[in-house]
Amino acid sequence: MPVFISAMAARGLKRRQRFSTQTEKDSGGGGATALKGKHRTQTPALTQRLSTLDNLAALQITDYATVPNRVSVLATTWQESVQCESPTKRERVCQQLFVGGQEEYELLEALKFLMLKTVIQLHSDMQNGSCVPEFCWLLFARDTSKCPRSFFTNHLKHVGFSGGLEQVEMFLLGYSLQHRLRVFRLYKADTEEFITYYPNDQTEWLCLSLVTEDDRHYNVPVPNQSELDSKKHDKPIRPKWNKPSSGTGKTTVL
Numbered sequence: 001m002p003v004f005i006s007a008m009a010a011r012g013l014k015r016r017q018r019f020s021t022q023t024e025k026d027s028g029g030g031g032a033t034a035l036k037g038k039h040r041t042q043t044p045a046l047t048q049r050l051s052t053l054d055n056l057a058a059l060q061i062t063d064y065a066t067v068p069n070r071v072s073v074l075a076t077t078w079q080e081s082v083q084c085e086s087p088t089k090r091e092r093v094c095q096q097l098f099v100g101g102q103e104e105y106e107l108l109e110a111l112k113f114l115m116l117k118t119v120i121q122l123h124s125d126m127q128n129g130s131c132v133p134e135f136c137w138l139l140f141a142r143d144t145s146k147c148p149r150s151f152f153t154n155h156l157k158h159v160g161f162s163g164g165l166e167q168v169e170m171f172l173l174g175y176s177l178q179h180r181l182r183v184f185r186l187y188k189a190d191t192e193e194f195i196t197y198y199p200n201d202q203t204e205w206l207c208l209s210l211v212t213e214d215d216r217h218y219n220v221p222v223p224n225q226s227e228l229d230s231k232k233h234d235k236p237i238r239p240k241w242n243k244p245s246s247g248t249g250k251t252t253v254l
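If you count the sequence shown from 1, position 134 lands on 134 in the working numbering, and the numbers rise without skipping.
Hint data in this document are derived by calculation from the structure and do not stem from the laboratory. Here a beta-carbon is modelled for each residue, glycine too, at the ideal position from N, C-alpha and C.
Listed next, with one range per pair, are the computed distances between beta-carbon atoms:
no., residue 1, residue 2, range
1, Asn224, Ala189, 20 to 26 Å
2, Asp190, Cys147, 37 to 43 Å
3, Gly129, Glu192, 29 to 35 Å
4, Glu192, Glu80, 35 to 41 Å
5, Thr203, Gly101, 35 to 41 Å
6, Leu138, Thr203, 20 to 26 Å
7, Val99, Thr203, 32 to 38 Å
Please work from the sequences and hints to get the whole structure.
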């Protein structure tokens with residue numbers, strides 16, 4: 001998520017706010033600090049990940065045939081956001097998109113399909129005795145998500161409608177996007193849990209900020225217009241797409 005994807009995550013977590021394209025490397029700065037430094041813009045590789053989505057058909061997803069198109073639209077829309085010349089223009093694109101229409105719904109569904117693809121891969125790795133991230137212990141230990149089918153039926157299909165993401169699923173979202181989600185938990189102020197990372201081990205990934213008051217409703221922090229106007233940048237701020245790697249990063253053997 002540069003904030004285009006942050007916005008998608010916040011939408012899936014049952015609340016929308018103003019969306020900008022705020023993305024930053026984890027440097028201890030505020031959540032509304034613009035990305036500094038040089039980061040290459042990479043074309044999304046979302047459509048390339050469809051080759052591993054064949055197992056979705058076995059889950060009897062009624063609109064499985066629409067998956068390639070939805071993921072392609074997500075990749076295209078992402079790239080349009082990346083090509084914006086300034087944070088202000090990128091925020092405008094997001095505000096026009098996230099209005100509860102059909103296109104927003106399709107982007108949310110594409111994001112959920114990517115999460116399902118990640119679940120299928122992680123579950124397969126566990127069954128084969130391969131290394132998996134620690135959060136998989138909790139994810140697949142639940143009676144309602146012991147396998148990809150039950151996770152989809154009991155959890156993922158309801159996201160954005162009658163349900164949101166639990167904390168263990170926030171780790172899954174981070175791995176699916178290959179980005180670290182830095183969540184400012186306001187009700188945990190003055191405690192060690194005030195800032196929580198999902199995942200907390202992939203320190204090399206770009207860091208994306210969210211704010212929550214209750215671990216249920218999430219907002220994307222954006223700077224005031226006056227702050228944007230006062231900042232001077234040598235080059236336009238461009239989000240970077242981390243091409244998903246073949247492995248799962250820092251892992252733990254089950």
